Amino acid sequence: DTAVSQTPKYLVTQMGNDKSIKCEQNLGHDTMYWYKQDSKKFLKIMFSYNNKELIINETVPNRFSPKSPDKAHLNLHINSLELGDSAVYFCASSRFLTSGGAYEQYFGPGTRLTVT
Amino acid sequence: SQQGEEDPQALSIQEGENATMNCSYKTSINNLQWYRQNSGRGLVHLILIRSNEREKHSGRLRVTLDTSKKSSSLLITASRAADTASYFCATSRGTGRRALTFGSGTRLQVQP
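Respectively, the protein sequence lines represent chains X and S.
Counting in our numbering, the first sequence runs from 9 upward without gaps.
Counting in our numbering, the second sequence runs from 602 upward without gaps.
Same shape as in the complex, but just chain S (with noise of 0.2 Å):
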């Protein structure tokens, strides 16, 4: 399987509610970033854990990172109908490769 498998694939809420999506890698990393693409466009980045933290908050996104599990979450609080989009974890190694390698993503919809 590849790196970066994010989980669920799809997850519809109700808005208001809280979405968590969770995002797994296989090797060692440099850092984890989370995207969003909505959709027809290109992708937007959200938030950038490095692989010595733990925790990190963004307005209503709230990740998590756990280099142990080899895996993320990414929360997002009070969700809207504008958060409607495909949500994308990527991560990248600190051996000198310095492209990004993303997962499949998770398309989330928040119902008005």
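Looking at chain X on its own, in the form it has when it is part of the complex (with noise of 0.2 Å):
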């Protein structure tokens, strides 16, 4: 059984083109996260949705938009992408620690984005 899965897991487009990235978890987690992993494989986190609600924005440009249509589901759209967005972008999903801090976190496979 999957636990966090992503589509597509490879994406190769052009510079201008907008293209999204699906997320989906199983584990009945009510907060989702999107991660970039750059080239020397430093991962970011990008955003956090909390049952549907934007917990965390990092300094990410306004061209990268998440939506979370419910808890099971946190999708990632990208606007005029750019050479500088190739990297590998990863979903990954938790359970909400009221108290702050963070529980375990799991990792779906990864989309390797390749802007030409």
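Derived by calculation from the structure, the hints in this document are not laboratory data.
Note that the structure is a prediction, hence the values are computed from the model and not measured.
Some clues are possibly wrong.
Beta-carbon label-pair distances, calculated as ranges [unchecked claim]:
id, chain 1, residue 1, chain 2, residue 2, range
1, X, Glu-61, S, Glu-618, 41 to 49 Å
2, S, Ser-613, X, Thr-10, 43 to 51 Å
3, X, Gln-22, S, Pro-713, 17 to 25 Å
4, X, His-81, S, Gln-615, 42 to 50 Å
5, S, Arg-681, X, Ala-11, 22 to 30 Å
6, X, Asn-70, S, Leu-676, 18 to 26 Å
Glycine residues also receive a C-beta, built at the ideal position from the N, C-alpha and C atoms.
Bring the two chains, given one by one in their own frames, into a single complex with the hints.
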């Protein structure tokens, strides 16, 4: 059973295009995340949603727009793609710790985005 | 520099040897977690240690946490070729920020 799934796994597109990446989790978690992993393997948080509400929005260009139709899904839409957007994007989910801090997170397999 | 930096950046050992990876961080934390990433895959959670814990074990893994030095170590005993992967520490602050801040990772190569 797939816990956190992402589609597509690979995405090759040209500069200026708009693309979306989808994420779904079947773990019953109420918090989902998007991370970006660059070519040096550094992983950085982009967004986090709790019960469809945006709770973390890091310094990310507003060309990136997350959308959470329900707490099991978190999609990432990217407008006007640039070369620097090439990276691996990971979706993750976890339970929500009301007192702060974080539970362990479960990651999807990643979407490798290549902008040419 | 970034919150959560691993040391060394790369480590190559023989099967059966122990592997030790270190992580340093800058701010106060609620907990610290270690993750493994196999090549081309997502991250897999290994172990979580809370700020009031000093040591934790899980199978062949042993994690220590020294909050006074803002550092943690991950020890993998009796390593296997299947342990070849990148290992990341991730910190979580207790001030309402629930996202994890990851280090740059240690690439471990276990030679059969």
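What hints, given by number in increasing order, does this structure fail? Per hint list: 2, 3 and 6 violated.
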